[in-house]
Amino acid sequence: MELAYYPGCSLRASSEIYDLQCKRVLPAIGINLHELDDWNCCGATSASKMDDFLAIAMPARNLGIADASGYAELVIPCSACYSRMLVVQKVLESEKGILNEINGELSKKVIGKTRILSILEAIGPVASSGELAKSVVRKLEGLKPACYYGCMLTRFPYGVPVPDSVENPQGMETILKILGATPLDWSYKTDCCGASAAVNDNETSIKLMSKIMKDAIAREANCFVTTCPMCQLNLDAYQEKVKAAYGIDRSMPVYFITELIGVAVGLSPADLGVGRHFVDAMALLRELNLYE
Amino acid sequence: MTTVLEFRPDQASSLAAEVMARSGQNLNACYQCRRCASGCPVGEETGYVTPDRLIRMIVLGKKEAALDNPLVWKCVSCLTCGTRCPNDIMTARIVDTLKKMAKDAHVPPLSPKVAAFHSSFVAAAKRLGRLNELEFMGRYEWKNTLQALTKFKFHEAFEEHKSQAGLGLAMLRKGRMHFRIQKIRGKQEFRRLIKRGGEQLAKSPASQE
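Keeping their order, the protein sequence lines are chains A and B.
Per our numbering, the very first residue in the first sequence carries number 1; after that it's consecutive.
Per our numbering, the very first residue in the second sequence carries number 1001; after that it's consecutive.
It should be emphasised that the hints constitute simulated quantities derived from the structure, not laboratory data.
Hints are not guaranteed to be accurate.
Sample of chain B residues facing chain A (criterion: CB under 8 Å; computed from the structure) [said to hold, decoys possible]:
(1) E1045
(2) R1127
(3) L1131
(4) R1185
In silico DMTMM-like links for lysine to aspartate or glutamate, alpha-carbon gap of 25 Å or less [unchecked claim]:
(5) A:K241 x B:E1006
(6) B:K1195 x A:D67
(7) A:K207 x B:E1044
(8) B:K1100 x B:E1159
(9) B:K1153 x A:E203
(10) A:K207 x B:D1068
(11) B:K1174 x A:D67
(12) A:K241 x B:E1141
(13) B:K1195 x A:E287
(14) A:K211 x B:D1068
(15) B:K1153 x B:E1141
Glycine included, each C-beta is placed from N, C-alpha and C at the ideal position.
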C-alpha cells in the first residue's frame, strides 16, 4: 500500500520516536509512506481558539499539497493533525466561498479528493486481510494493554463520519489481539488527559490523568497503548507527578501502537526508540521475554 | 459558585444571535437535559458552570457571565459534551467563540496562562509555518513571567520556571527535545494565505469552525 504521509510538528520534535517508528514499522507490514512536500503546521486546537480563518487556512494548504501528491490516501498519525485536516476538508466541501478564497492564494489547490486516514485506518486493511498476522514473529503474550484513544480520534467539532465506535472504539484492540496481546475492557479509553492543560492548567490535567491511571490499574492492565503523541507525552512525562499527587504506587509504560507492532514483527525495540520514554518501557518487554 | 440567572430581554436576543452566528450552533435546541454536564471532565473544576449552564447564560442574555466564567477557560476541548448532545450542539465551539468574543470585548482572560498558551502557539506556528516547541514554550513562558512580575508574584514566576526547567531537562535527556529549527520553504505563500483573514468567512458565519 502506498500512502501519502503527514507527520506534523510533534513528530519532528518531542514525539520524534513516533515518526521514526512509523517510517520503520509501517513499511515492514506493507505500508509505504511518502511524506508530503513542504507541509505546514495544522494549527492544532490553538488556531481555532484564536482565529477562525487561520484554523481553516493552515490545514487547507496541506490538503492542497496532498491533492497534488498523486496519492489517493493520506495517513496522519497525530490525532490533532488528523482531526484538523479531516474537519477542514469537510468544511471546505460546503463552503465554496472560503475554498475559492484560499485556493486563490495556493499554488497547489484544494480539490478535496484525498482520503484522510488515521494510523488505525491505515493499518486496518492489513489487519483484516490477515497480512499483519503473517508478519508476526513474536507474539506479545502477557501484554495486557489499556488502549487509550483520548479525544481526537473519535470526537470531532464538526460532523465527519467516524470510522470506529465513538464511545467504545476497537481499532487498537483488533490490532493488538492479532499481535497476541490481551487488551482489556476499561472505562477511560476515550476520556481526556487534559492535552494542553498539562502545560497551562497542570492541576486539572494531573487530576484527569489520575482517573485514567486508576481505572487502568484496577483492570490489571500492565501498560497503556496510544496513537496520539499528546496523550503519550502527557501520560508518560507527567506520570511520576500523577502518582505522587494521587497516591498511585504502580508505573505503567505508555507505548505507541507502532512500537508494539514493531516488536511483534521482529524489529529491535532499541532501534524504535523504546528506550526514550520517561517511564521505563523496556522493562516490561524484558519481563515478558519480548526483548533480550 | 452558583450563578443566579435572570432574564435580560434587552441583551438576550443580540447575545444569543451573535454566539449562534459565530459558533454555528443552534442554542435554541438545548432543552437542558444535562447529558453534557454529566460527561464534562472539568465539571468539578468550573464552579458548576457546565455546558448546559453556559448555554442558559447566553440565552438569558448574561453577557458578562458568558464571557467571563471558569468553563470558558477550564474547558479541555475534549468534545464529549457535543458528541453526546441529543440536539447536536457542539458546546466546545461555543466555548471557543466566547474566548474570541472575550478578547474582542477586552475582557481579561480568567486564566491568563491558557490565553498565553494559545496565542504563543499560533504566533510561533505563523512565523515559520511549522511549530518549534522551544520557540513556542519560550514565548509562552515569557508571557507568563511578565504577567507574574507585573503582579509582583515573584514566587509564582520562580516555581513556574523551576517546574518547566525540570521537564525540559528530562526531555533533553530522553532525546525528546531538539534545538534544530523546522520551517517551511513556501513561507511567502503561507504568509499571504494567512493574511487573507477570511473575507468570505465573515460573510458566511454559520460555516465557522
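The hints, checked one at a time:
no., hint, verdict
1, E1045, "5 Å, holds"
2, R1127, "10 Å, violated"
3, L1131, "4 Å, holds"
4, R1185, "5 Å, holds"
5, A:K241 x B:E1006, "43 Å, violated"
6, B:K1195 x A:D67, "23 Å, holds"
7, A:K207 x B:E1044, "11 Å, holds"
8, B:K1100 x B:E1159, "30 Å, violated"
9, B:K1153 x A:E203, "19 Å, holds"
10, A:K207 x B:D1068, "24 Å, holds"
11, B:K1174 x A:D67, "36 Å, violated"
12, A:K241 x B:E1141, "20 Å, holds"
13, B:K1195 x A:E287, "55 Å, violated"
14, A:K211 x B:D1068, "28 Å, violated"
15, B:K1153 x B:E1141, "14 Å, holds"
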